[in-house]
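Below are the chains, spelled out letter by letter.
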Amino acid sequence: MTLLSIQNLKAHFHTEDGAVRAVNGVDMDIEEGEKLGLIGETGCGKTVLGLAILRLLSENTTVEGRILYKGQDILTMSDHEIRKIRGKEIAMIFQNPLSSMNPVLTVGTQVAEPVELHQHLKKKDAMQRVIEMLKSVKIPLPQERVKEYPHEFSGGMRQRAMIAMGLICMPSLIIADEPTTGLDVTIQAQIIELMKEVLRDSGTSMLLITHDLTVAAELCDHIAVMYPGEIIEYASVRDLFKDPKHPYTRGFLDSLPDRGLKPIAGISPSLIDLPAGCKFHPRCSLATERCRKERPELIKVGIKHYVRCFLYD
Amino acid sequence: MSLYLELKKDKPAMLGIVIIIFFGSIAVFAPYIVPHDPLELNLEERLLSPTVDHPMGTDNLGRDVLSRVIYGTRVSLSMSVAVVTVVMVLGITIGTAAGYFGGLVDDVIMRVVDVLLAFPSIILALVIAGLLGPSLTNVMIALGAIWWVSYSRIVRGSVLSIKEKEFVEAARAMGCSDVYIVRRHILPNVLSPVIVLATLDMGHIILSIAALSFLGLGAQPPVPEWGTMLNEGRPFMETAPHLMIFPGLMIMITVLAFNFLGDGLRDALDPRMKEGAIK
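Protein sequences, first through last, are from chains A and B. Sequential numbering of the first sequence, starting at 1, is according to our numbering. Sequential numbering of the second sequence, starting at 1001, is according to our numbering.
Hints are computed from structural coordinates only; laboratory data are not their basis. Warning: the hint list may mix true and false statements.
Now the stretches of chain B that chain A is said to cover, found in silico as 3 or more residues with beta-carbon under 8 Å [said to hold, decoys possible]:
hint : segment
1    : 1157-1167
2    : 1174-1181
3    : 1185-1194
Some residues of chain A that are not near chain B, with every Cβ distance over 12 Å (derived) [as the list claims (entries may be wrong)]:
hint : residue
4    : His-14
5    : Leu-75
6    : Lys-122
7    : Lys-135
8    : Pro-140
9    : Gln-143
10   : Pro-150
11   : Ile-192
12   : Ala-265
13   : Ile-272
14   : Glu-294
Ideal Cβ placement from N, Cα and C applies to all residues, glycine included.
Could you put together the complete structure from these sequences and hints?
Rendered as structure tokens:
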């Protein structure tokens, strides 16, 4: 069953320099229990897409399209209704666990917040739940550590606590925005293992936003590749690695360290001044006259494999 | 706990705490420790210099200065605590509203603040107290009406920077309402500068109350208030200087104590102010 269905989503910021077109017509479905990776370079709009799902974008943003969660359009919900979705149905794990925690509240108090808000548990029961949760994300001595402040936690422990906070209300969907960036490699591996385990146990769906293809490959079933504001390729992890279709995806894969570390020529376009036609054509060695003029649609090239490129038209 | 350890190393701050606790207990237990009734007239013992029976002498109506000074502690401390509480609540509420909601609310509030800041505060207080008529309550109202501005500015500034922090966004992402975010996540983060300011302001407010009373706008005779006592002793300054020296000393010591404590708190709460941190 489709849990979250994003249809023709657009998100534009209005700034003094003009409209920043961060998301330009994204269509994407997340099934129940599915783990979808959203990958792309810095500044391609993937975080904006994640924030748009929970309606967390600032007020100078116009968001168009539909975001159906269990059939209900999130974009037309009242403030009260959306607050009941946030944290309870769809939770978010942020990139930087230190700045995402309030320095003056203990870790226990903060991890308990979602249950206090949504399940109206008493303080004592909530704390009991927090300790269980911290145990399940493998924080040692949870009954001691709940009384500590975020700065007393190490980076890896903080990210574990953030994961616990995200999962404590047993949401149906987790949006994880770069959950392993900023952690060193060994801790990264631990966190990935942990996320795999807790997601498998809870059956929670996940939208993983990352620029790290290897992390996405570890954690996800499907991967959507984003290039300024659009999804340019969607495939299962296997297909994407074995048979990447879009020239950008190929370049992305070739830029991985174990595939030769070859950078893609050129830089990604500014979101204020996007090129006409295919957004990738200025950097594409296979670009034709048509690429410069027309915007390609997503073309089906295999089972659950779509690509936005005229090469396959 | 760590705050206390930090303060313990700061000798002036500790001295301040001791003096404040001492004066505080004097104020609370005033009726039990005064040697004489502070309002009792005794025209046979007018303008006595300090003696064993009257350690601070007597005033022009024969009242015991020590007893009056002790009762004055009560008036000064309770009034300044009341004023500081009121301005803190006002300043925090207004400042948070301005900082958090921004836009028009912010513009209107901050222009009012700018106007109020453009006047010397004591003159403004004089005008308000003058308009309302001389009494202690009116002095409190006057001081409350002008003193919240500095709090609202400080709070607004902190709120502006804190509301952009990621943990506020994280709180919103978990379904917190605006009110909850302000109460739970923003206010605890702005409290420490406010506490420092409030401690320092205790001294300023004691001074202002004394000043307004000295000018005849605050406490009215025969209420034993330090500023009023200074005013009453003024005509006898040359023959009986103790009438002004003792209340004056009390004002000075109390204000100093609060300033010492405020400085100490600021150093303890703000790591950047710590000695040796910038080297």
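Hints, one by one, checked against the model:
no.: 1; hint: 1157-1167; in the structure: holds (count 3)
no.: 2; hint: 1174-1181; in the structure: holds (count 5)
no.: 3; hint: 1185-1194; in the structure: holds (count 3)
no.: 4; hint: His-14; in the structure: 15 Å, holds
no.: 5; hint: Leu-75; in the structure: 16 Å, holds
no.: 6; hint: Lys-122; in the structure: 17 Å, holds
no.: 7; hint: Lys-135; in the structure: 21 Å, holds
no.: 8; hint: Pro-140; in the structure: 24 Å, holds
no.: 9; hint: Gln-143; in the structure: 20 Å, holds
no.: 10; hint: Pro-150; in the structure: 9 Å, violated
no.: 11; hint: Ile-192; in the structure: 21 Å, holds
no.: 12; hint: Ala-265; in the structure: 34 Å, holds
no.: 13; hint: Ile-272; in the structure: 22 Å, holds
no.: 14; hint: Glu-294; in the structure: 38 Å, holds
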